[in-house]
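Asker: Hey, can you work out the whole structure from these sequences and the hints?
There are 2 protein chains.
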Amino acid sequence: MIELVPEALSPEAFAPFGQVVSAGVSAGVSAGKSANQGTAVRFDWTCRFVNTRDGAQPNLSVFRSEAKALPFPLKLLERHPCSSQMFVPMQCARYLVVVCKSGPDGMPVLSELRAFLCAAGQGFNYDAGIWHHPIIALDSAAELVMLAWEDGGAKDCEEWALPEPVTIVRGG
Amino acid sequence: MIELVPEALSPEAFAPFGQVVSAGVSAGVSAGKSANQGTAVRFDWTCRFVNTRDGAQPNLSVFRSEAKALPFPLKLLERHPCSSQMFVPMQCARYLVVVCKSGPDGMPVLSELRAFLCAAGQGFNYDAGIWHHPIIALDSAAELVMLAWEDGGAKDCEEWALPEPVTIVRGG
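For the protein sequence lines, the chains are D and V, in the order given.
Each residue of the first sequence is one higher than the last, beginning at 1 in our numbering.
Each residue of the second sequence is one higher than the last, beginning at 1001 in our numbering.
Please keep in mind that the hints were generated in silico from the structure rather than gathered at the bench.
Any given hint could be a false lead.
[Claimed, not checked] If we take Cβ atoms under 10 Å as the criterion, some of the chain V residues that face chain D in the derived model are:
#1 M1001
#2 L1004
#3 V1005
#4 A1008
#5 F1017
#6 A1023
#7 R1042
#8 N1059
#9 M1086
#10 L1117
#11 S1140
Where is the CB? At the ideal position from N, CA and C, for every residue including glycine.
Answerer: Given below as structure tokens:
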């Protein structure tokens, strides 16, 4: 059995998989800029959104995820080949994001699995096609908004069953 | 001086101005549906996104807003004539959303000003062109994600100075 230990989420560590959405992080050239008559700071263009299908529309969905206990066994991964996918927590304690690099055949390379420990105030955006596990809420149920371009077809989401068990052994 | 008292945010009360983003609310025909092997519920298509400019792109921005005290004087309104605008709180206590209907000339009708009291777990999406005040964070600083289609031009945001003072007198 493969055991996986989460690491802390940071823009640099997550860069091969997508972008971090958090106050203080701008993916573009600009840092934060003043807004609302100087009473707010905004950090723009945090996500590189991708949609490769003309008929797909941006679906802003709210997810309510049950809390999971550790150790947690992973059974499958999924990907959205034609769209980026963003998650931003509205109400949560800690949660885990599990991602995996692809091999030359486009399928996940299990030895490249990585888990990131996230908290309130930290969202992220998967690049299109990145293999990942559904979000794993820890400590308490979590509510997150999700944004992906969808058309209701099979390309919205592809799944892959893990050929051997992988367990996340602790929260970081 | 006009005094304005906030009301509670609900999808029905907010309907003339846009959509509420919250677990349990679906703007489309479907209620929540099971996801992630039965460990999550998702509420889809919560926002009616609008973008009327070919060159505008979806800007996912993080706002950090200072906390304001009540009574709070309003001085201006703004609108985004070509794009919807969504806000979802990542970290917040309470916050106020102030909106205003337009008259036949497209300008705000001050007697139609309304304020909504919102909390953690409640986001919303302004329809394109809806006049509104910048978000007013109460109790503590707030961090919210914003999504609007922008191109950097003058149509991204139009402002209007209030011809007479309006004060929000209490938090609800």
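Asker: Now look at each hint and say whether the structure bears it out.
Answerer: Verification of the supplied hints:
1. M1001: 20 Å, violated
2. L1004: Cβ of L1004(V) sits 18 Å from chain D, so the hint is violated.
3. V1005: 22 Å, violated
4. A1008: This interface hint is violated because 18 Å lies over the 10 Å limit.
5. F1017: At about 16 Å, which exceeds the 10 Å cut-off, the nearest Cβ of chain D leaves the hint on F1017(V) violated.
6. A1023: 5 Å, holds
7. R1042: Given a least distance of 5 Å, the restraint on R1042(V) holds.
8. N1059: Cβ of N1059(V) sits 6 Å from chain D, so the hint holds.
9. M1086: It holds, given that the least Cβ distance between M1086(V) and chain D is near 7 Å, below 10 Å.
10. L1117: Check failed: Cβ of L1117(V) comes no nearer than 17 Å to chain D, outside 10 Å.
11. S1140: 13 Å, violated
The structure does not agree with the numbered hints 1, 2, 3, 4, 5, 10, 11 stated previously, though it agrees with the rest.
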